[in-house]
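Residue numbers (the working numbering), protein chains in the order written: chain A, 1 to 501; chain B, 1 to 164; chain C, 1 to 497; chain D, 1 to 102; chain E, 1 to 634.
These are computed hints drawn from the structure, not numbers from a lab. There's no promise every hint is true.
Unchecked claim - A few chain B residues that face chain D, going by a derived Cβ cut-off under 8 Å, partial list only:
1) 55
2) 56
3) 58
4) 89
5) 154
Ideal Cβ positions, reconstructed from N, Cα and C, are used throughout, including at glycine.
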Amino acid sequence: MTFDEGQGYAVLATLAAPLLAALILVFIPGTQKMAVRYVAAFFGAVMLGLSIYVFVAYQVDGEQIQMSLKWVWVENTAFLGKDGIVLNLAVDGISAPMALLTGVVAFAGTITSWKINYRNKDFFILYFILLAGVYGTFFSFDLFFWFFFYELAVMPLYLLIGVWGSTRKEYGAMKLTLMLVGGSVLIWIGIFAVFNEANLGTFDMQRLFAAGNDGTLSPTFQKVFFPMFVVGCGVLAALWPFHTWSPDGHMSAPTAVSMVHAGVLMKLGAFGIIRLGIQMLPVGAEFWMPGLMVLGVTGAVYGATAALTQRDFKLISGYSSVSHMGYVLMGLATMNQIGITGAVLQMFSHGVMTALVFLMIGALYDQAHTRDMKDFGGIAKVMPMWVVFYAIAGLANVGLPGLSGFTAEFHIFVGTFQTYPVFGALAIFAAALAATYMLRMFSMVFFGPFNPRWKDLKDLTPLEAMAGALLIASIVVMGVWWAPFTDRIGTTVAALPGVVG
Amino acid sequence: MATEVLWWIFAVATVLLSAGVVFSRSVLHSAIFLIGSLGGVGAMYVFLTVDFLALVQFLVYGGAVTVLILLALMLTRTDAKESLNGTQAPWAALAGAMLLAILVSASVAVKWPGDIDDAPTTIPLETISEKLFVDFGPPFVIASVLLLVALVGAIILARQEEGE
Amino acid sequence: MRDYALFVPEYIAAGWAVLVIAIELFWPKVRKDTLAYVTAAGALAWAVSALFYIGNEPESFQGLIQSDNFTTYFRLLAAGIVAAVSIMSANYLRDRTKTAGEYFGLLLVAGCATVYMAAATELITAYISLELLSFCLYILVGYLKRDNLSSEAALKYILLGAFSSAMLLYGMSLLYGIAGSTSYEGISQGLAARDQGGTDAGIVVAFMLILAGVGFKVSAAPFHMWAPDAYQGAPLPITALLSTLSKAAGFALILRLFSLAFVVDAVEWRWAFATLAAVTMTAGNLLALQQKNLKRLVAYSSIGQVGYMLVTIAAIGYGDATVGVNATSGLLVHIVGYVVSTLALFTALTAYYNKTGDDTIVGLRGLAETQPFLAVVITASFFSFAGLPFFAGFTTKLLMFQGATTDELLWVIGLAVLNSFISLYYYLMIVRQMYLFDPIPGMVRFRINPVMWVMSAGLMLGVLLIGIYPGPAFKAAENAAKPLFQQAEPGVAARQP
Amino acid sequence: MVPLENYLVLSAVMFSLGVYGVLARRNAVLVLMSVELMLNAVSLNFVAFAAYLDPERITGAIFAVFVITVAAAEVGLALAIVIRLFRNRATSNVDEAAMMKW
Amino acid sequence: MGAEQAWLLAAIPAGVFFVLALFGRYLPRGGDYLGVAAIGASFVLFFFVAADFLSFYDFEAHKTFITESISWSEIGNFKLRQGIHVDAITIVMFAVITTVSLMVNIFSVGYMKGEPRYYWFFAVLQLFVASMLLLVMADNLLLVYISWELVGVCSFLLIGFYWEKRSATEAAKKAFITTRIGDVGLLIGIILLWKETGTFDIQQIIHAAEAGEIGQTYLFVSIMFVFLGCMGKSAQFPFHVWLPDAMEGPTPVSALIHAATMVVAGVYLTARLLPIFEAADGALLVVTIVGLTTALLASLIAFAQTDIKRVLAYSTVGKLGLMFVALGAGSPAAGLFLLMTHAFVKALLFLGSGSVILGTHHNQEMDKLGGLWKKMPITGTTFFVATLALAGLPPLAMFWSEDELFASVNHEWGLWALVLAMLAVFATAIFMVRLFIRTFAGEPRDRQVHEHARETPLVMTGPLVFLCVLAVVSGLFVFNGVGSALGFPGGIGEFVFLEEPERYAIDWTLAGISLAVAVAGVLIGAYVYWGNSLVRSTRLAEAMPRLYAALRNKFYIDEMYQYVIDRGVLGVSYVVSWFDRYVVNDTGVDGSAQVTGYSGSILKYLQTGRVPNYAMAITLGVVGLTVAGLLVRA
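Isolated chain A, as found in the complex:
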């Protein structure tokens, strides 16, 4: 076990916190619902604090990979040579903001779930396991553990949606789980191939990255297997046409799960494309990126178009997620520094704003038990704060300057224009479509004549407002002052292989 400068402890603690929470919850009787909530909220806060620490402590002008911790797991056994499997946790400029995102969304999701009453102990256990998976994926620099955590993050979803969800939850849960696992199947095959081809006897990603760069992984090999990783990760990132779990899954999922799922989990897919695609298979990436660009643009326009005529809130958010993740993929496909930085920014931005959107949808649905927008009207009268929060999320979605969405999309557009101006123009057009569907929803739901059927709706509870405020703060900070993010992301992105400055 080696640490660099003791900060590895922070990373380990961040990863361990949700696991510890789950473990503690196992031993709390299910009838003690309040105790469960307090424990969950406490650990949510701990995770938030640690995440912020990790983000802040990442030194902008230091090395790319910091706060590393190595803990040899299996080595010198059979095909595993030195450092065969290592619990290798570290942070780089891309995972630092992702960790922050996870902390923010996780905390918001935790306190949003306060009102869950049905088997809330089980809920929180699964929820924290999911979060551990997310953290682990962001922090792992060992392919084995990377995939381990990646799968871990998907695993609890079936139950989380199936038990605590709504609206065709069985179908949604099953489809979501199967599609996501289907994606990881491809990754898995790819991992076998990479390990075999590199023949280093190690899952250490940094050594595998080096192998990808120095030609140990032959160009042909990279070209064959890159699509596998991209499609595999892409499923989780709602890569068109593997996105259909997104509308249905989000429609079924409970609030906090939607928040974490759309907010963080979908980012794992894009993160995987960076880690496994761009970093490990640079030649393949260079070869295939135009294809990814086409798919990304298709997703961006397609999602926005499909969202135009939806009537269910969550379907709108589901399709808009498809659209926004399309931007992320476009950003990655640019293979230039600005574009990829923009993609990571968009990952963060989409994370917080979608979490906010789902938080708001949940706050309404819990009272109204319908999500058909046609049923609503003039809700601003009874839920003013809700409307304001939702509107901020929606406007961030639309790409309004001053909110995070613009920062991210702007960088992506700039990056895309560097290489593919026509696609860039299409993407900007899709952003205008986003305005259309968002405002359509605003005017149908928030405004217009008040429907007296909803006179008993209550505004946000203090807890929900707190969660929302945290998310809004993130949205605004990133929208106004994005240098802390770009500083971290940009330098790391510049060091990615094959990336143009």
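Put chains B, C, D and E on the given structure of chain A with help from the hints.
This is chains B, C, D and E only, laid out in the frame that chain A set:
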């Protein structure tokens, strides 16, 4: 020469009897054909000069096994007149024929190593016993356990319990 | 060399088997669960004595039986399985039969047979051990005499078993003819010395017949068809035994046989293993999709698992000794993971079945409400089968496939991973029954036997431990795998096509 | 002299007839009898190989001894099961013992 | 307090926005005084900034500007800086914005009294003004875009202020989306310019364009994209549809939008980037044609509208068109001068109509008004002045600016453009007179309304008077003398210019024609509509029924859009949704799952439960494998 003629007679008889086992329309006839067939194999052992095995063959098969089978046939007899062959019999013939072709081609095609003089050599009983008890002691022990297990199993499975 | 001390553990086991039978013989009113715990104690004693053999120098008994780490590995595994199954059987048998002594005795004997299958380095020994195991299983499957399904299962099993062992024997006889020996080493040398002129139909036929025989044992498609019926008809703990001990034994035999004796002519059989693996995993998983009975479902799912495991045998054929060690270590560690998961599953199922007598999938409705602990154990086992992380299946399957990855086999491994994805669907359908639906009306929260509780918990912890920290298990598996490939002399290296 | 191949072909024919019997026959006892044919073919093979090929000229014969042993025990056990089933279901036809399928 | 601190102008209202938005509801009177104070502070600060700027303005070189910027973010070579750039254009825009918005703010205190969400109105108003101020002082296109969008969202919030009304919500939506479509172009244009120059800094881009570092076609395409944004924001044809609907917002907001903040953004940006338009061949012609088309179209439509605010809205569209015509003629001075004078006049008109609306208890249909002058003397008088000013009568403000416009158009494009522009002015004069007559003169059409009408309080009439004064005198800035007195000798023509400063000198021919056109327009209008009778106009309408219907229905442009949106965009969306649901999901995803399950349900019948079948499987397996093996080896 005489051996060869004799061999052919026994061989053909064995085949015919075996065919009788599987083609006969009567259960009982089949059983009787089986005795003959097994006896034919015993005769083959004699041709191969492994007399001991021939003895075993006649004792174990000709005696014990066939008696057991006949007994079972008696015990499981039903009055219903029904076909002895299942619906897939034609396909079974086809499958059998294919397998036969494969096995025969394998037998013929291989140039068997060590087949020097094209004739069997006598295997004396002493060698067999020595091999069996000295060189192959462990399998022998295991086989005895196996027999024990079969015995116990047959008992507990076939035993009629009260209330039956 | 005739060192009888090599088999002290089996003496203990066999002696204990006699003891158990004798106890009931002389004291017929003994509680059946007492017998079960006595058996478990015997199995533990057996295991403890086996511990002394870990790391010993390989030693052969007259070239027939090899005592090395590989043997010890399976010895410990068999002892563990027998112990677990006998505890599982305690309450199950008490409610269903009058006599149980033979049952437990046969369990121990089956365990010994497994060890000999793993240890055998000679065809006769291997064959006779295999038959011994089969006999025990035939009897155990049919042990519930008044149960029509049990008898039917036993009949199908024994008829097909005899049929397939005849196939196996015919293959062995051809092989004997070609190689002129029945010892693995002799076969290896015989094959190496074999004249290579012309198409050698004999060796192909021999290998395929042997493949059919051992394939039947491990229930590889298309030799698998007995498995679902036997699994469904057998008493529940015996279903566990079938899917653990029988498979482990089959693979032990295959591993030693193919790595020592047949590796010379790998080019003749490796493609067949790859094909069988592909067919088996696909058939198993597709068929499992439509099952309504839990035991049948587990049968098909275990067929799918066998498909995965067969890939490693193909890998032994495709690669050199290094790949062989890698693949074998992977397979061995996966077998352990699979066995522990299966045992955990069956412990929970048995506990549940003792209460309800229902072995259909819909019967599990709302188990998360009525007995949450069992629901957790069952879910964990199924997730382990499906290869989800935290659970043994993920890690061991990954290690196994990784060890087996060669360029030629990547497609099978891809198919395997795809199949494990399909399998997730039907596992989730069970999880769905337990967690998403309300219990059947009238079902209330119930308690389970504390022994079963402890064992379920222990096995589940085992599943988690292997899943999270596979290092020690993997190391042990490698140590067990090494002896199989050390003897391969340079001159007897695999022929390339 | 009779060449080795003759024995082998004889054995192959017997074996195939046995296989046909197993595949075609309905009665469990007849199936068992067919299996016996197959096992005998195998024994014949072993002995023939032993007599013609084996330098030590013996292992095959030993194998045959074991095969005969196992075959006999197998018949005993199988018949017990057949009788068991007959008692439960009043039939010994294998295609009627199909309660479990699909 | 120097010009470097000009950012404070925007910062103060922005800060107040946050205070009001968060705590406004708890403050007495909703904190309206804070709003007025903030804008007032900006207004006062403007004078300091202007004074400071003029104090070191280099009247020889005329190229004075002040730039302040800080580094914002850095990704490799992609360095973003944010800062302010204050030059003559900025100062003019400051003047317009701060003045008009202060007046609007004060007016609102009276107008909005007792409305729900009173505090919210003032809060957004602050943000609106702040964004606009930021827009005009931004030194780079990114900041321009940011503030541009903020302006858009504020207008959305304000137009949709009465969100309980479906029409208000729809209007807000329409405004936002329509301008947003233009913004797509703007963003594309900005990024295209960046791609070629590697910077967002306006001055650097202009420099690069002027130096010919950018290819002609490329430059033309990029600047046209940018111009799309300007067209959207400034409601040029075919994006003009949102502006008339925008009057659904509270009337002071309309005043602000039409005069100082929203719509002039496009004009401002075009003026700011005019050197680039110049550098790109044909760009100015496009600007001119767009401007002329819009001006004529809007003037025609305005004839047939009966809602006071709607008429005013179309007049704004028309005047904006003229501003673009001025810019298209290459004269930022004319454009900005027109912008300024129009801002004061139009603010006055809107506030006046607001006063009417409040005074008549929310009545804005001309058909129900009439004869209000006596009841509302101050409103009436100021409105009268404004009407004449808009009609272009000297010596009121717009006469001078339009004269400058005509001069530059004549100079740049010649007669055809001049005639068309004058036609637009002529039409404006007619319908403005119509508006005034039908609202204030003649007999009241609705007794009820008339009896309850009363003059509005001082807080509203005060701004009216102030703006009225400006509407009279602001045209004089064009003169050297006035300019010198105020610190910018040479008048506006030497203050704001593109290449060469030009001092204003009256071309008597042009001025005469212009005067004649205006007077003719006023007289014709008076003739047709005088005396509160619609006899003549009705006869006119009946003479050309189809034309009248077309005008009344705004040339069916809205209907066309509606059709395109319903059938086109939404149709595509339905198709995509259908495709997604049934092809991608049900066929692709669920379908493959079903095929898998189905194959399982077929395959399971192989498992017949019969021993012979099982044995057959084993046999066939062996045979198959062996045959395959032999074939493989052969």
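Each hint tested on the structure:
no.: 1; hint: 55; verdict: 11 Å, violated
no.: 2; hint: 56; verdict: 6 Å, holds
no.: 3; hint: 58; verdict: 11 Å, violated
no.: 4; hint: 89; verdict: 4 Å, holds
no.: 5; hint: 154; verdict: 4 Å, holds
Checked against the numbered hints given earlier, the structure breaks hints 1, 3 and satisfies all the rest.
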